[in-house]
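Novice: What follows is the residue order along each chain.
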Amino acid sequence: MRRIRPHQTQDEPLIFERSSPGKVGYQLPPLDVPAVDPLEALGPGCVRRDIEGFPEVSEVEVIRHFTRLSTWNYAIDLGMYPLGSCTMKYNPRLNEAVARIEGIIDAHPYQPEALSQGMQRIQVTLERYLADITGMDAVTLQPAAGAHGELTGLLLVRAYHDSLGDARRVVLIPDSAHGTNPATARIAGYEVVEIRSNSRGTIDLAALEAAVDDNVAALMVTNPNTLGIFEQEIGRVAGLLHARGAQLYMDGANMNALVGIAKPGDFGVDVMHLNLHKTFSTPHGGGGPGAGPVAVRRHLEPFLPVPRIRDTAAGLRYDWDRSLSIGRVRAFYGNFGVLVRALAYILAHGGDGLRNATVDAVLNANYVRKGLEDRYDLPFSAPSMHECVFSDARQAKRGVRTGEIAKRLIDYGFHPYTVSFPLIVRGALMIEPTETESKQELDEFVAAMQAIADEAESDPELIRRAPTSTRTSRVDETRAARKPVLTWQPERGRGNSRG
Amino acid sequence: MRRIRPHQTQDEPLIFERSSPGKVGYQLPPLDVPAVDPLEALGPGCVRRDIEGFPEVSEVEVIRHFTRLSTWNYAIDLGMYPLGSCTMKYNPRLNEAVARIEGIIDAHPYQPEALSQGMQRIQVTLERYLADITGMDAVTLQPAAGAHGELTGLLLVRAYHDSLGDARRVVLIPDSAHGTNPATARIAGYEVVEIRSNSRGTIDLAALEAAVDDNVAALMVTNPNTLGIFEQEIGRVAGLLHARGAQLYMDGANMNALVGIAKPGDFGVDVMHLNLHKTFSTPHGGGGPGAGPVAVRRHLEPFLPVPRIRDTAAGLRYDWDRSLSIGRVRAFYGNFGVLVRALAYILAHGGDGLRNATVDAVLNANYVRKGLEDRYDLPFSAPSMHECVFSDARQAKRGVRTGEIAKRLIDYGFHPYTVSFPLIVRGALMIEPTETESKQELDEFVAAMQAIADEAESDPELIRRAPTSTRTSRVDETRAARKPVLTWQPERGRGNSRG
Amino acid sequence: MLSAIGLDSAQDLFGGIPASHRQSEPLAIPPGRSEYEIRDYFEARASESCKGYACLLGAGAYNHYRPVVVDSLATRGEFLTAYTPYQAEYSQGILTSIFEFQTMVAQLTGMDVANASMYDGSTAVPEAGMMAARITRRNRLLVARTLHPEYRQVLDTYFRHQALPCETLAYDRASGQIDLEDLEAKLSDDVAAVILQTPNFFGVVERIGEAVELVRRRGALLVAVFSEAVSLGLLEPPKDADIVAGELQSFAHPPSYGGPYVGVLATKTKHIRQMPGRLVGETLDSRGRRAYCLTLATREQHIRRARATSNICTNQALVALMATIYMTLMGRKGLRELAEQNLCKAHFLADRLRAAGADLPFAGSFFNEFAVRPTRLPASEVNARALGERIIGGLDLGRFYPELAGTLLVCATETSTRDALERYAACFRKKGDA
Amino acid sequence: MLSAIGLDSAQDLFGGIPASHRQSEPLAIPPGRSEYEIRDYFEARASESCKGYACLLGAGAYNHYRPVVVDSLATRGEFLTAYTPYQAEYSQGILTSIFEFQTMVAQLTGMDVANASMYDGSTAVPEAGMMAARITRRNRLLVARTLHPEYRQVLDTYFRHQALPCETLAYDRASGQIDLEDLEAKLSDDVAAVILQTPNFFGVVERIGEAVELVRRRGALLVAVFSEAVSLGLLEPPKDADIVAGELQSFAHPPSYGGPYVGVLATKTKHIRQMPGRLVGETLDSRGRRAYCLTLATREQHIRRARATSNICTNQALVALMATIYMTLMGRKGLRELAEQNLCKAHFLADRLRAAGADLPFAGSFFNEFAVRPTRLPASEVNARALGERIIGGLDLGRFYPELAGTLLVCATETSTRDALERYAACFRKKGDA
Ligand SMILES: Cc1ncc(COP(=O)(O)O)c(C=O)c1O
Ligand SMILES: Cc1ncc(COP(=O)(O)O)c(C=O)c1O
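Chains as they are written, first to last, in the working numbering: chain W, 5 to 503; chain G, 5 to 503; chain F, 252 to 685; chain C, 252 to 685.
Careful, some of the hints might be misleading.
Straight line, CA to CA, 30 Å or less: simulated DSSO-like cross-link-like pairs of lysine-lysine [claimed, not checked]: (1) W:K374 to W:K443; (2) W:K27 to C:K302; (3) C:K437 to C:K682; (4) F:K681 to G:K27; (5) C:K437 to C:K490; (6) C:K519 to C:K437; (7) W:K27 to G:K27; (8) F:K521 to G:K27; (9) F:K490 to G:K487; (10) C:K584 to C:K490.
With the Cβ distance kept under 10 Å, some of the chain F side facing chain C (calculated, not the full set) [said to hold, decoys possible]: (11) S285; (12) E286; (13) Y292; (14) V320; (15) R327; (16) G328; (17) S631; (18) E665; (19) T666; (20) R680.
Since the hints were made in silico from the structure, they are not lab data.
All C-beta atoms, glycine included, are put in the ideal place defined by N, C-alpha and C.
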C-alpha cells in the first residue's frame, strides 16, 4: 500500500527569529479625531515603554510563516483521523461560512434584545433539536466544552439535592471513565468513588449496588462507554440510583453511536452533556473551541444556568429571574459561533440524515473491528458501537506497545488512534472511524494496521523507530517535561533558529 | 543552509479513480415548481443518457482530493518565486476579499446601467490611475491577459493606419522579445521582422534604422527589455519610427521596474499593455486569470474597443457609438474581478507606495545580481532594473545547464528562475525577485545559488539527478509529447491508480 | 542593502534610465489606504449595484449556486499563488487538476480532448475558427446569427485582419433556430467551418445534427459553441462537431460583472496539433511513477513564436480549477439534476408568462432561457415595474437584433425562486388585469 | 459492508442496545436541507440582528478590525480540522504556533509563562482563583466589585461548592477604582488571592501597584484580570501580579454574540506546576532537532484524574491561533498604535459627551471605555434615539450596579468613526439644545 510519499516541506523558524525592527504586517486607517498624549491621559506610571520581544514582520512573512507551519500538521482534510472518543468527522465548510455571516459574527452580546431575535431564535431552535435527540426536557447551551458541561451537570445535581435539603458528598465513576469525569467531580465539590467494570467491560452491577447509598449524589456514566460498548443494564443502573435518590449523569461524548437510534431520556438519564465538537461536527481547530450543552429532565430544569430564553408576546426574551438557578458557568451565552455551526449541521442532515449518520458510524467501526480482530487482541467481545478498542497484548510479546504502533501508523499516512485509553485496557488501541469515512479509506486503514501487525512479528525495531516519514522524528517528551521551556527567549533562540 | 526538510505527503489518485456509483458531493434545494419531463420538453434526440465517466464522490472526498493535490505545489505563499518576466510578488489577501463582496461578485454584465454605477466607477478609476502610471491618455480594460492586450494594441495600430489610408504589413520585433509578441503580430495579420540586439543587449539602432520603412506598422519593444535592461535609446527609437509613420508599441510586462519612476508616455510610446497579474499583484492561480489593459496616446483613442465609459449628467454611461473602434476583443468588460483586485492594490499602495515598491524591486534584483555575479556568467553588464539575467556558460563547462540548475534549486526549497529565456542568451537564468521578498529570503536564495555553483564544480551528477526532494522526481517531458495522453481513460486508469 | 551593492541612494538604482525619461512629478494617486478603508471603498461601490435584486438575466452570464467548498479549496495559497506549471516537479497538484479538467470537459462535450482553458467563451470562438482554417486550409467562416452577439463581435475583430471573411447565417423566425436553407445556400468548398451555438442566444436548442450533415458534405468543419455549460448536464453533447468552444462560467463562477470566466476548446484527437492553448499530458517520472506535465508546447508561442497556433499565454487556470472542483462536487448525478431543475424553472416561468398574455415568439425547444414578447405593456415598462419589485428582468433583444426590439430574453435557473418568477410574470399584466 | 461483517441489516448493528431503549419514533427534526436553504436560514436570522448598526458597546466584548489574513490562514484545513496535538510528530505546526502564543501572551502580560488557552476570560478567573488557593493553601478570595459582573457570577458558581468563599471589595465612588481601605480591612491571613481587573469594568485603570503592596504584606497573591487585550498595547502590564487571567477576544475575533472567545492564564515560572490547562514545551526530536510537544501533562485530568489542576480538556485552540496571527500582524509597533487610536477615540467621545452636558462620574483614567451619565435625557431615551440613528449605545450600568442605574458604559475603538461618535453625542442633547 502506498498512501504517502516523501516530499519536501519548507522549514521555518519561530516568528520571533524572523523579526526585524520596524516591520509591521498591517496598516491602520488614519486617526480621524485629535491625538491624545497617553502619558497625560493615563499618567506616567501607567504607560508601558514597549512590548519587548513582540514580533516585527511583514504581511507576506506572516502568510508564509503560518502557511509553512500548517504543512507540518495532519488534519481531517488530509485523511482519516481515527481517534477513539474524539469523533473526528468531516467538518462541512458551509458551517464555517454561515458562522461568519454579518449580523451573526458581529452581534454584540449586550445588543438590545429587540435586535437579537435572530440570535435567540438560533439558540431556542438548537435547544429544541438537542432535547429531541437526547429525549430530555430542557437544554442549556452555555458550557464551552464537554468538561465544562460535566461541571454544569454536576452543579445542577448538587443544587437539586440542596433544594431538597439532601446534601450528598459522593459521585460514583466507573474505572473506564474519561479523566474529565473525576476531575470535574472534584471541582464540583464531590468525593469520587470508582466503580469497577465487569468482564464484559460494563458497569459491575453488584459493585454499583454496594456503593450506592444516601450519600451518593450521582453516577457519571459514559454510554456507549469508552470501550464502545452500550451499557445494557443502564435501565437497572438508573433504577438502583433513583431508588436511593441519586441521579444518573451521562457523559454524552459518544452520542455519535445513538443519535436517532436511542434517546438517553428513554433509559433513565437525568442529566447529560453533548460535545458539539464531536457528534455535531464543529471543527476541532487543534484543540477547540467546542461546546458542551447540558440536557436535563424536567426536575432539574429550574436549576439551569441563567439566562434562559422565554417566548413572550413581545418576542423571545431572556429570563434572568430564576431563583433556583446555579448561576452562570460562563459569560454571555456560551460559544455561540460553535452553536451556529452545530445547528447548520443538524439542518443539513435532518432527522433521517442524523440517524443514517449514526448507522454509518457504527457500521464503519464494526467493519474496522472485523478487519483487525484476527491480528489484534480484542479484550472485550461485546458488540461494538461507534468505536472499537483493541489491546497491544499480542504485539507486546514482541516488545511493541500501543504507543509505538501509533507512531508507526504515521508512516502509513494515518493519524494514530487514541493511545492507552481507556485505562482498564492494558495497552489500549481505541479506534473510531466515524461515518464520514469511505470504505476505500477504511480498507486502507485496515491494510496499514495489518501491515504493522506483520512488522511487529518480522521487524519490531522498525516500529520502534517510527515515525521516519515526518519532518520531525520521535519527539523527546521526557526532556520537555524535565526542564520545561515554555516560552521563547532571545538569548537561547538564535543559535538553533532553524533547529 | 537548511530551508527544507523531508516530510510525507498524502498520495492521491485521479478523481475518476475515486468514483463510486451514486455518490454526490452536493445537495440541491427541492424543486419549488412542477417537474417537467426533459424528453417532452426537449425532444428525445436532444437528451443525453448520461455523462459517462464523470466523477461520483462525496464532499469530504472532494475536500481531501484537492487539499492533497495542493500540497504538491510550490507557491508564493510558501516562499520566493523568482521567475524572471513573471513578477511573482505577494498577492494580498484583502484583494481576494473585496473581489468577493456581494454586489460586485454577483453583478450581471447586462444589469441596468443605473444599477451599475459602482461597477463603472471602478473601471473609470482604474483607467485613470493606469493612465497616470503609464503617462498615456486613455486605457481600455477589456483584454484578458498580456497577449490579448498585445493583440488589441496591434489592432489599434492597424485601424489607425487604415484610417489614414496607409495600410502597412510589417511589425518589427527585437530578437529578445517574448514569444507572444511575434505570435500576436501574426494573428493581427502582420509579417514579423526580427531586429537583432546589440552587444549591450538592447536594440541595435542601425539594424532598426535599416528595417524601418513605410511598410512598417510598429515596433514592439519590451522596456525594460527581457534582459532587465532599460532601452536607453528609446527616445531615438521612437523618433526613428515616428519619422516613418510607424508606431511604438511597448510590452509593459516589465512595468514593475518603472511605476512611479518613469512613464512610457514620456519616452515616445504610442500604445502599450500592462499585465495586472504581474505588476499589480493579482494572483496567478496556476496560470491565470490575468488582465492586460492597453494604454494609448490620444491619436489612438478613437480606435479603442467598445464600449467606453462616459461621464454624463445622468451618471456614468457606456458609449457604444464609436465608428472608428476596432470592435470588441472580449465579451462584456474584461476580467472584471481581476480589475477589482488591481485597483485594491493601487489604493493600498497609493502613489508613493507604488514608487517605493518599484525602488525595492530594482534594489532586490541588483542585490541578487551582486550576490551571484562572482559565480555565474553575466552576459550583459548594463545596469539591471527589476531582474537580472545570467547564463550557464561557466557551469556548462562541467556539463551542467540552466535547466538542471533550475531543478536543483527545487532541492533547496526555491522555485526555479525562468529558464532559457530570453533566447538571445545561451542558457539563460532569468531572475526576478520582486519587491516583496525580504533580505533574509534573498540571502537564502543567493546562498542556494552559490551552493549549486559549488556543486557544479564538485558533483555535477548531483545536479543532473535533481530534484530528489519532491514526491515526483524528474518528469519525462519527451515521453509526454511523443504519444500524448491528454485525458483519463477508464481502461488504462485503474492499473496505476496510485501511480 | 543599498551599500551592499555599492550604491549611495535609491536614485542610483535608476541610472540606466536617461534623466529626461524619468518622471519629475509624483504619481497623482492618493496616499496608500488601510485595509478597512479599501473595504469601505468597495462596499460603497457594491452598494451602487445589484445587491438584493433577483436577476432573470442570462445571455452568456448565468446565476447558479456556488458551493462553499469551491472557494475554500481554490483560495488555498498553494493553488491561488502558484504560477503556470512549467516546473512539473514543483507543480504536480495544479497539473493533475488540469488533467482532470481536460478529461471532464471532454466527457461533458463528447469530444476526445480539451485544452487547459481559453480566456472565455467569446475568445474561444475565434480560436476555434482559426484552428478550423488551419486544419482545412480554407478561409471562409459561416457564423449563425444566433451565436451570442458579443461573441460574433469578438470574432469580427479577430478575423477582420486575417483575410478570414465571416458570413452570417440567418435564423428561422418561427423556430428561432438556424435557417438550414440559408446554410445550404452559403456552404461552398472554401468554407473552413460553420459556427453554431446551442442552446443558441435565444435559448433555443439548435439543429446540430441536421447542420452537421450539410457541413460534412462540403468538407467543412462544424464548430459547436455553448455559453450555458449547465445545459450539457441534460442536452445531448455535440459529439458530431469537430470543435467545441464554450464558456464554463456557470460552473461555480458568479457573473462578476462579466469576468473572469473560463473558455474551453475541445476537439477530436486527430486535431490536437492544431489546437491552441496549454495542454497537460500524462507521463512518468524518472522513477517510473505516473506524473503530469505541460506538453505539445511546440504549438505554443514561447516555442514556435510567429508560427504558434495562438498567442495565448496566461489563461484562466484558477477559474478552470473552480470549475473542476464544481464538476467534481456535482458529479454525474448532480449535474443532471441541476440541469433538470433549470429546465423546470424556465418552463414554469414560460407558462406563467404565457398566462400573463405574453408571446413566446420561437417554437424551438429551450433549456433555461427563452425569448418572450410582452403584449399588454411595452417591454421597457415590464422591466421598470420589475425593478420596483427588486427583480432585474430580461434583456431586450432589440439591443442586438433590431427586428426583435421589445422581445425579452429571460433566464430562470435553480436560483430563481418560484416567488420571484411569479412576481415577474405579474409585471407583464396591466394593473387590474386578472 | 454489512455483509462483510456478517450482518443482514442496519438494525443488527444496534443489537447491543436493548430493544426497549431504542427509540420507536423518528426524530422530530425536519428533513435535511441543502446548502442554499441553510444559508438562507442563517441570513434570515442575521437580518434579525445588528446588521448595519454602529456599536458603542464594550463591557467584555469589543469591536476591532479583523485583518483578512487572519481568517485566510486560520481556515486552512491543516489548522481548522486538526485535533489537539497529542501526537507531536504529526502536529508540529499547531504546537509551534501554540508555543508562539504562550510567548506572546507572556510578553504582553509581563508574566513568565502562559498556558495554551482557557475557555474565555470569565472561566479563566475561577481557574486563577483555584490555582491561587492551591499555591497558598488558603481558601478565601477577595474580588473587586469592578471585576466584570458576569465574570463574578461565574466565579460564584464555581466557588460556591468548593468551600472557597468569595468576598466582594467595594469601589471608590469618586475614582471608580477599588477602595483600598476596604481591601486593607478585608485582607487577612487566610486570603488566597485578591482579584482585580484593569482596566476595570468601568473602563478605569486600576491601582494595581498600590494593591500589590497590601496584598504581599498578607502573603496573598494578586490575580490581575483584563477583558480588553488591546489595552495591553499601551498600559503598563501587571508585572507584579502573581497570576494574570484575561480574555483575548479583541485580537481578531469579532463579538460573535459572546463566543467563542479565548481565555488566557499567565503566571510566574515558580507556579507552573499549579497551572491549569495545556502547555507546549520545547524539546528535541530523536535526531536532535528542535521540536515541540505538550508537556507537564501530569497536571492534567487525563493523567491525574481527580487530582488534576483543572478539568479542562478541549480549550479554544483555533481562537488562540487567530489571536497569534493577529498579534504577529500588528506586532510591536502596530499594537501600540492601535491602542493609542483607541485611547484617542474614547477621549474624543468623552469630550463630546461632556460638551453635550453629560457627566463622567469616575475620575480614574480610562482607556477605551468609560461610564457616562446623561443629564438632559434619561439614558434609555438617549439609547432609543441612538437606535434611530442606527447606533447601539452604551450599556446601562444599572443592570449590574443598581446604584448606577441611568449611567451608561460606552466604548469607542478604532472602528468607531468620528461621525458615529458625534451623532451619538448629539443623542445626549434635548432636541433644540445647542
Ligand atoms: C468520553 C469523554 N468525556 C469527556 C470528554 C471531555 O470533553 P471536552 O474535551 O469537550 O471537554 C471527552 C473528550 O475528549 C471524552 O472523550
Ligand atoms: C515580456 C512578456 N510579454 C508578454 C507576456 C504575455 O503576457 P500574458 O501571459 O499575460 O499573456 C509575458 C508573460 O509571461 C511576458 O513576460
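Novice: Work down the list of hints and note, for each, if the structure agrees.
Specialist: A quick look at each hint next to the structure:
1. W:K374 to W:K443: Judged against 30 Å, a Cα distance of about 13 Å means the pair holds.
2. W:K27 to C:K302: 35 Å, violated
3. C:K437 to C:K682: Roughly 48 Å between the alpha carbons, so the hint for K437 (chain C) and K682 (chain C) is violated.
4. F:K681 to G:K27: This hinted pair is violated, its Cα atoms lying about 48 Å apart.
5. C:K437 to C:K490: 24 Å, holds
6. C:K519 to C:K437: Holds - the C-alpha atoms of K437 (chain C) and K519 (chain C) are around 25 Å apart, at most 30 Å.
7. W:K27 to G:K27: Cα-Cα ~50 Å, so violated.
8. F:K521 to G:K27: 34 Å, violated
9. F:K490 to G:K487: Judged against 30 Å, a Cα distance of about 24 Å means the pair holds.
10. C:K584 to C:K490: 20 Å, holds
11. S285: 8 Å, holds
12. E286: Cβ of E286 (chain F) sits 6 Å from chain C, so the hint holds.
13. Y292: At 14 Å from the nearest chain C Cβ, Y292 (chain F) fails the 10 Å test, so the hint is violated.
14. V320: 9 Å, holds
15. R327: 7 Å, holds
16. G328: Because about 8 Å separates G328 (chain F) from the closest Cβ in chain C, which is inside the 10 Å limit, the hint holds.
17. S631: 32 Å, violated
18. E665: At 9 Å from the nearest chain C Cβ, E665 (chain F) passes the 10 Å test, so the hint holds.
19. T666: This hint holds: T666 (chain F) lies near chain C, its Cβ roughly 8 Å from the closest one there, short of 10 Å.
20. R680: 28 Å, violated
Of the numbered hints stated above, those contradicted by the structure are hints 2, 3, 4, 7, 8, 13, 17 and 20, listed in ascending order.
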